[in-house]
Amino acid sequence: MDEYSIPVPVKPPAEIESLYLPVPPWLEEKSKEGDELVLFVGPQHGGSGHMRLIVRVHGDVIREVIPDPGFVHRGVEKLAENKLYIQNIPLVERPAIMDCINMSLGYVRAIEKALDIEVPERAKYIRTMLAEVCRIGTHLYDAGILSVFLGHTTGFMWPFALRELTCEILMRVSGARITASYVVPGGVRRDVDRGTLNFISDAMTYIQQKSKDFEKVFIRNPVTIARMKDVGVLSRKEAIKYGVVGPFLRASGVEYDVRAVEPYDAYDELTWDVIVADDGDSYSRFLVRVNEIQQSIGIVRQCVKALKDMPEGKIAVDTKGKMLDSVKGTFFRTFGRLTLPAGEFTTLTEASRGTLLYTIVSDGKSNAPYRLRVVTPGWYYLKGFMESLKGCRLADLQAVYGSFGYFPPEADR
Amino acid sequence: MVNKRIKRIKPPSPDFVESVKYHLEAFGVALKEAIKPSRMTIQYPRELRKRPKGFRGMLVLDVNKCISCFQCTFVCPANAIHMKKAPNGKYYPCVDYAKCIFCHYCEETCTKGAWKSTNFMDVAFSRVEEMLLTTEKLINGPEVPEEEREDEYMVEYEIRGSKLELKKEYSPEKLVEVED
Amino acid sequence: MKKDVNAENIEFLSSGLIAPIKKWGAKWSLWAVHLVTSCCGVELAHAYASGYDAERWGSLNFGMMRQTNLIIVEGTITKKMARALRITWEQMPDPKFVILIGACGIEGGLFWNSYHITRPWKIIPIDYFVPGCPPTPEGLISAIRALQKKIESGEAKTTAKFRETDLAKLLGTEVGKERKPPKPPLKIAEKPEIKIEPKEVEWEFGKKLIEELKNKMPFAEIFAIDINRIYIKTESKFYEKVAELLESEGFDHVKSLNVIDLPHENKFVVECSVSSYSVEELMPVIVTFSVEIPRDKPRIPSLIRFWPSIDYQEREMHDFFGVWFEGNPWMGNKFLLAPEVETPLRKDFKLEEPSYVLER
Amino acid sequence: MLSYLLEMFRQNSVGIPLITRKVVLYHTANKIAYIPPLTSLFAKIPILNLIVALIFWKPFFAVLFAPGLVCILIAILFIIWFERKVTARVQWRYGPLEVSRNVGGIIQPMADGMRYFFQEVIVHREAHKPYFLQFPLITFLPVLLPILVIPAGTIYAINTPYSILVAIALISLIPMIIVAIGWASNSKYAYVGSLREAMMYFSYEIVLMIAAMSMVIIYGSANAIEIVKEQSTIPGILLNPFAALAFFVAIAMATSRFPFEIPEADQEVVFGPFIEYTGIIFGVVMTLAYEKLYLLCMLFSILFLGGWNGPFIPPLGDLSPALWLFLKTIGLMMIFVFFRTFYARYRLDQALKIGWSKLMALAMVALITGLGLGAVNVMGWL
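Protein chains in written order, with the working numbering: chain U, 1 to 413; chain F, 1 to 180; chain B, 1 to 360; chain V, 1 to 382.
Hints are all accurate, no fakes.
For lysine to any residue, the following SDA-like pairs were computed, each having C-alpha atoms within a straight-line distance of at most 20 Å:
| no. | chain 1 | residue 1 | chain 2 | residue 2 |
| --- | --- | --- | --- | --- |
| 1 | U | Lys322 | U | Pro311 |
| 2 | F | Lys4 | U | Asn291 |
| 3 | B | Lys150 | F | Val128 |
| 4 | B | Lys208 | B | Glu197 |
| 5 | F | Lys90 | B | Leu167 |
| 6 | B | Lys191 | B | Ile293 |
| 7 | U | Lys237 | F | Arg8 |
| 8 | B | Lys267 | B | Glu193 |
Treat the hints as calculated values from the structure; they're not laboratory data.
Using the sequences plus the hints, can you model the full thing?
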């Protein structure tokens, strides 16, 4: 505590010159000569998260944005190589904790694929239900952040108030408000009781009802429409070229959703729509997600109904095919020393913000992955995000940022 | 492509009349809330949020049940649990809350049920060194001094029909409760 | 530079005739700067949103460090962020306070042995620490309350007490059979082999597709490793050729670029997985093509001209492994990592081993 | 000399019966016991009587108390609290509360003020130091000078036929100072913010003037006292609602209220021109927009809402009209801050477009209406 280990020069110009910025040194020089302004947005900025955007502005129009990610890069891929397979479950959900079920689901499914485990029906439905609850939560989170980026504080508070309900659901099901670490290879950790299921369906009703008010106050507000319409447009061709994913890809008119293309868990037994829009601007990126909330509510309702009709218990299965009612007391014994067969196992998951890819490379002898490749949605669409900013106005930076729901920890991993 | 149903949405593009209507609607919703707010604030620390059964809070160790099998320290993803030698020669766990991520893998792992969860995790430590709870400190679990307590009610969200209600009851005698 | 800023701030507030007013002002107006450092920001937002509303206590989340007096460090501080944190702290006018929430910030939490994180309490002085990953909003609010009390009374107190039990009394001091700690379960093979082999799957479309690809690429080994997963093994000189052929086939974006380090065989395996958005049948298919390159001279052409979406992944792999993608304009610069971290994902970059026994 | 001054002050002093009246304790047939009025306590003491007389001297009272500095301070403290509180209410929460739980945390802005007051003031190296520190203080000039010509009923400093025009001209100086502040800060965001402020200035100023002009034409005078007198039967907002609407929107633009909170946009340019300010100086510059809002709302109530017209409250005497004006102003300010609850902010170019197309058209309609009504001498008929 006595000594501060990282000396930071107090001279302000050194901040710009110092090497940790991947800013080409000529950039600042050139901007001083010409009529260009180089703005640094973040990491301490009211309208940026934990990343830095280097914006070259000409007048009020953005010429180019150079991303400087890595402010939350924590080395998940390296750490995963030094942990047991099950210890990695909390690790892989840390990049996007509001989307925890989807994050761990992809990883666990890769393990299940390698071990050829068939998950019990009930666990499948619970997983799907919670994945959709997380999707609602994440979309609400992004809507809140978008609103506050546009200066609309009520639009921030209401989604976060509704998120309080999704947190409550996760807390009642898994015991933790946000980081559930709930999915384990072969199933889930605990069963969901009837009271909780009732609460979930009530909460869905409440969210649906309150989102009507939210629609009036923010979504359909003419100021919002004016700020986001025809801003940051990615055409279908561009979206594909830059590898945009998830709702942002669908907003550009590509009918791609992993849940439909390569269904996992209970998705092929449920009915729901893939939401697609054609404009590819900030507003349709936002609207696609708003509509997905409605679809997710529908999915959760179907899952709740199916779960109520199912007998309780049998929520996990161990590697030998024995059904478990709960993993309590046997967790480490059952899953602790898992060793996967040699090979490469890749799963795709539709996380809230888009495609999530896990590749486990196993050597067949270690009980930790030899290499775990995680590509998160944020990392996929960062390129598209940067490209869509070209030609926008400076104030549009926040509108586009919010419309992508860019969450740096998720992208940086 | 089992049940790929596509729904194309069309973003609204309001004309002048519609946009005046939307302005007024936004104003109306705000005014409605200003007159009759649907508050959902839990006034912590005056009101506590009711923790559901199975909440993952701070841990309590039943040292008599512990067989010193090391499984909890092996499973801990954050390496927050270390074993410490007790006077009787056996090893018992200590939890470092500076690392603990409250995943409760240790609780799920324990074959004897020595780990128990409490409904409490809202501590603010003033020093890092205090966050390492040795076995001696784990047995009792956290306690909040009576004079520091500010809570009056225990609140739970309850949805009745289309309304979210904050169900209040008087807060319990003991703030920290150990789950069975 | 050695000084106790915490004590200085408190001293400033509690000195002079108007000390009560100074204390009162600081106590009820702890405005937090908008410095989101990591994922605990989610719970911070909840604490300030409708559910808990920390604004009741006079604390407001505000834009700029110049106008605020509280930093809430939300979780992990990476080596890159540490400088930003320090600068923010330096720019903030006195008296200022810091609350640190989240296990990642205190001792690293899950990331305790990561190559890219620091301990924020070594960088700036901290008033209160809140455990949890993430902590509950209640935890944050209780830290704000504790800080208010600290401003008033001048002394920092932990909000809960942990009574010590006498273990000797409870368990006795009779030493039984000496028990050695068991062997840790983590088992990492010394000389691992990475084998990716064909798998028999029932996948009609795949068989057709593989035949088609085989006709086009006679120089490569093509097989299915699972349903919807095709693997192409080839030599590094055909890397660009394969990419070109796949691109013309309709594979229009990159799903993943992966490098596997095999130090004992002195080679890197570069795997590139591609898929398609524009061709409906190819949507679920992932084609992975891999080449091996020498580990001491890791150079490979960039595929940026076929798929612009590979750009950032190439930069990332350049950071992680030091593989040089010829043709990518960013090579030679750091993208994700702080300047002092070099090629961390190579196998010879060792992390700290976990310990299981507390030595005291 | 002193006695001459004293006489001058007393001749033109504010009459507040509540203070200047004798308080009768008891009243019998031959004896009256009373506490002498507060002011006459000092009537005999040489210097004090002069000070007391000066305080109650109308021009001085106007600038310092009502509608001047003290009223501005009360209005600002109240409106900041109200803004946070009403926003919180709409957002399903409580807002500032625990600092004074019984009265809903109304002293929260004071606590913030105290904190700012005792915080370190940082002047960064690139700043133009003298200007950086002087400009925030100079802002008091264009804020307080209009008070000289804006009367509150019978309390006024200068009674001039040009009062509305002078007031608007003086208020228009505030953006200049903000731009200067941004220049002195010498930071990139301050630069962008100042530019935005300057751009916004172009978009609303002309509309504001045309709207005020059209009302002046109707009333046939630019003297505030005359204008209010004319409105005793029918308030201006009913005579020319177009002008009222144009003036209203222009105020929102001028004081950067939502949806036109563009120069200071927290998430975009982090308080724009004020980015580098710390401590009490930031407190001063932050309240600038609210001071401007207070002045413009006062003008709005004089032009459109019948100013200080309202039931006379005898014990307050001269303060009664001032109170009515104050209440109308506060009411208007409350409406303006309520916009924060349901609006995002427009982009700069959109605000400019609104200013120069829709709002300008509205202002033109208002002007034509004003000209028409003025030509037929509508006030004469009423």
